Amino acid sequence: GAVVSQHPSRVICKSGTSVKIECRSLDFQATTMFWYRQFPKQSLMLMATSNEGSKATYEQGVEKDKFLINHASLTLSTLTVTSAHPEDSSFYICSALYLAEQYFGPGTRLTVT
Amino acid sequence: KQEVTQIPAALSVPEGENLVLNCSFTDSAIYNLQWFRQDPGKGLTSLLLIQSSQREQTSGRLNASLDKSSGRSTLYIAASQPGDSATYLCAVSNAGGTSYGKLTFGQGTILTVHP
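Going down the list, the protein sequences come from chains L and A.
Each residue of the first sequence is one higher than the one before, starting from 1 at the first, in this note's numbering.
Each residue of the second sequence is one higher than the one before, starting from 1 at the first, in this note's numbering.
Simulated from the structure, these hints should not be mistaken for lab results.
Values in this document were obtained by computation on a predicted structure and should not be read as measured data.
Idealized CB from N, CA, C, for every residue including glycine.
Careful: at least some of the hints might be erroneous.
Restricting the straight-line Cα-Cα distance to at most 25 Å, the calculated cross-link-like pairs of lysine-lysine (PhoX-like) are [unchecked claim]:
1) L:LYS66 <-> L:LYS14
2) L:LYS66 <-> A:LYS102
3) A:LYS42 <-> A:LYS102
4) L:LYS14 <-> L:LYS55
5) A:LYS1 <-> L:LYS55
6) A:LYS102 <-> A:LYS68
7) L:LYS20 <-> A:LYS102
8) A:LYS1 <-> L:LYS64
9) A:LYS68 <-> A:LYS1
10) L:LYS55 <-> L:LYS66
11) A:LYS102 <-> L:LYS64
12) L:LYS66 <-> L:LYS20
13) A:LYS42 <-> L:LYS14
14) A:LYS42 <-> L:LYS20
15) A:LYS102 <-> L:LYS41
16) A:LYS1 <-> L:LYS41
17) L:LYS55 <-> A:LYS102
18) A:LYS42 <-> L:LYS41
On the chain A side, residues computed to face chain L include the following (Cβ under 10 Å) [claimed, not checked]:
19) PHE36
20) SER46
21) LEU47
22) TYR76
23) LYS102
24) PHE105
25) GLY106
Between the sequences and the hints, there should be enough to build the whole structure, so can you do that?
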């Protein structure tokens, strides 16, 4: 139980375009989901907390207008990277909170050319 | 602000050896502590979760301890195998308020077990 999926697993896009990443809790409902990014050989950095039915809470230094988060249902949160640039290339991982424990998705590798 | 440090950054051992990975955190007001495994290019696999009221947790060849007052945790791996090679991440969840549920990660320990 407590499985989280992400889609797509890998995406390549051109600079200036927008990319949407989905995070789904498959067998439980999650009012809270988290989005992280991970640069090569570095640890996970929390970007934002996504709450169902309300605005996301962003960590300091994360541009909310660039990284749009929508948590429209209890099983789906989306992260849209708007006007992507090469420096946005990274590994994006989501997690969903269930019974006080976070369950992680498999990650999405974003490459901006 | 919570900070999590893991030592060593990298570790290479021969197969069969017992080993210890260390994790320290600056704010002892934690809700729980988790150890994760991450294979290259993959997501996270949860290994062990220790609640703040607990001292240790065991799963198979893995044993994690927690000393909340001193801000330390260790992950002990017995009889290491090449399949244990991965990055091991320690993360703490702070208690209450707006920090509820948030995890702060350490930088990880890259473990290589050679045959």
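Going down the list of hints, with the structure as the test:
1. Under the criterion of a C-alpha separation no larger than 25 Å, the hint pairing LYS66 (chain L) with LYS14 (chain L) is consistent with the structure, at around 16 Å.
2. Taking the CA atoms of LYS66 (chain L) and LYS102 (chain A), the gap is about 22 Å. The hint holds against a cut of 25 Å.
3. Of the pairs offered as hints, the one joining LYS42 (chain A) and LYS102 (chain A) holds, with about 21 Å between alpha carbons and a cut-off of 25 Å not exceeded.
4. For the given pair, LYS14 (chain L) sits about 28 Å from LYS55 (chain L) by alpha-carbon distance, which is inconsistent with the 25 Å threshold.
5. As the CA atoms of LYS1 (chain A) and LYS55 (chain L) are separated by approximately 23 Å, the hinted pair is consistent with the 25 Å bound.
6. For the hint linking LYS102 (chain A) to LYS68 (chain A), the alpha-carbon distance of about 18 Å falls within 25 Å, and the restraint holds.
7. At roughly 23 Å between alpha-carbon atoms, LYS20 (chain L) and LYS102 (chain A) fall within 25 Å of each other, so this suggested pair holds.
8. For the hint pairing LYS1 (chain A) with LYS64 (chain L), the CA-to-CA distance comes to about 21 Å; that is within 25 Å, so the pair holds.
9. Simply put, LYS68 (chain A) and LYS1 (chain A) have alpha-carbon atoms about 16 Å apart, close enough for the 25 Å limit, and the pair holds.
10. Annotation: proposed proximity of LYS55 (chain L) to LYS66 (chain L) holds, straight-line Cα distance about 14 Å (limit 25 Å).
11. Between LYS102 (chain A) and LYS64 (chain L) the alpha-carbon distance is near 18 Å, which keeps this suggested pair within the 25 Å criterion.
12. Under the criterion of a C-alpha separation no larger than 25 Å, the hint pairing LYS66 (chain L) with LYS20 (chain L) is consistent with the structure, at around 12 Å.
13. A hinted pair counts as satisfied when its Cα atoms are at most 25 Å apart, and LYS42 (chain A) with LYS14 (chain L) qualifies at roughly 23 Å.
14. Our distance criterion of 25 Å between C-alpha atoms is met by LYS42 (chain A) and LYS20 (chain L), whose separation comes to about 19 Å.
15. For the hint pairing LYS102 (chain A) with LYS41 (chain L), the CA-to-CA distance comes to about 22 Å; that is within 25 Å, so the pair holds.
16. Distance restraint check for LYS1 (chain A) and LYS41 (chain L): the Cα-Cα separation of roughly 23 Å lies within the 25 Å cut-off, and the hinted pair is therefore satisfied.
17. Restraint check for LYS55 (chain L) and LYS102 (chain A): satisfied, since their Cα atoms lie roughly 16 Å apart, inside the 25 Å limit.
18. Between LYS42 (chain A) and LYS41 (chain L) the alpha-carbon distance is near 13 Å, which keeps this suggested pair within the 25 Å criterion.
19. At a threshold of 10 Å, the smallest CB-CB gap from PHE36 (chain A) to chain L is about 8 Å, leaving the interface hint in force.
20. Restraint check, SER46 (chain A) versus chain L: the minimum CB separation of about 8 Å is within 10 Å; hint holds.
21. Interface hint status for LEU47 (chain A): violated, as the beta-carbon distance to the closest one in chain L is roughly 12 Å, over 10 Å.
22. With 10 Å as the threshold, the beta carbon of TYR76 (chain A) stays out of range of chain L, its nearest partner Cβ sitting at about 21 Å, so the hint is violated.
23. Satisfaction of the interface hint for LYS102 (chain A) is found here, the shortest Cβ-Cβ separation to chain L being roughly 6 Å, below the 10 Å cut-off.
24. Because the smallest distance between the Cβ of PHE105 (chain A) and any Cβ of chain L comes to about 5 Å, under 10 Å, the interface hint for this residue holds.
25. Evaluation of the GLY106 (chain A) hint against chain L yields a held restraint, the C-beta minimum of about 6 Å falling below 10 Å.
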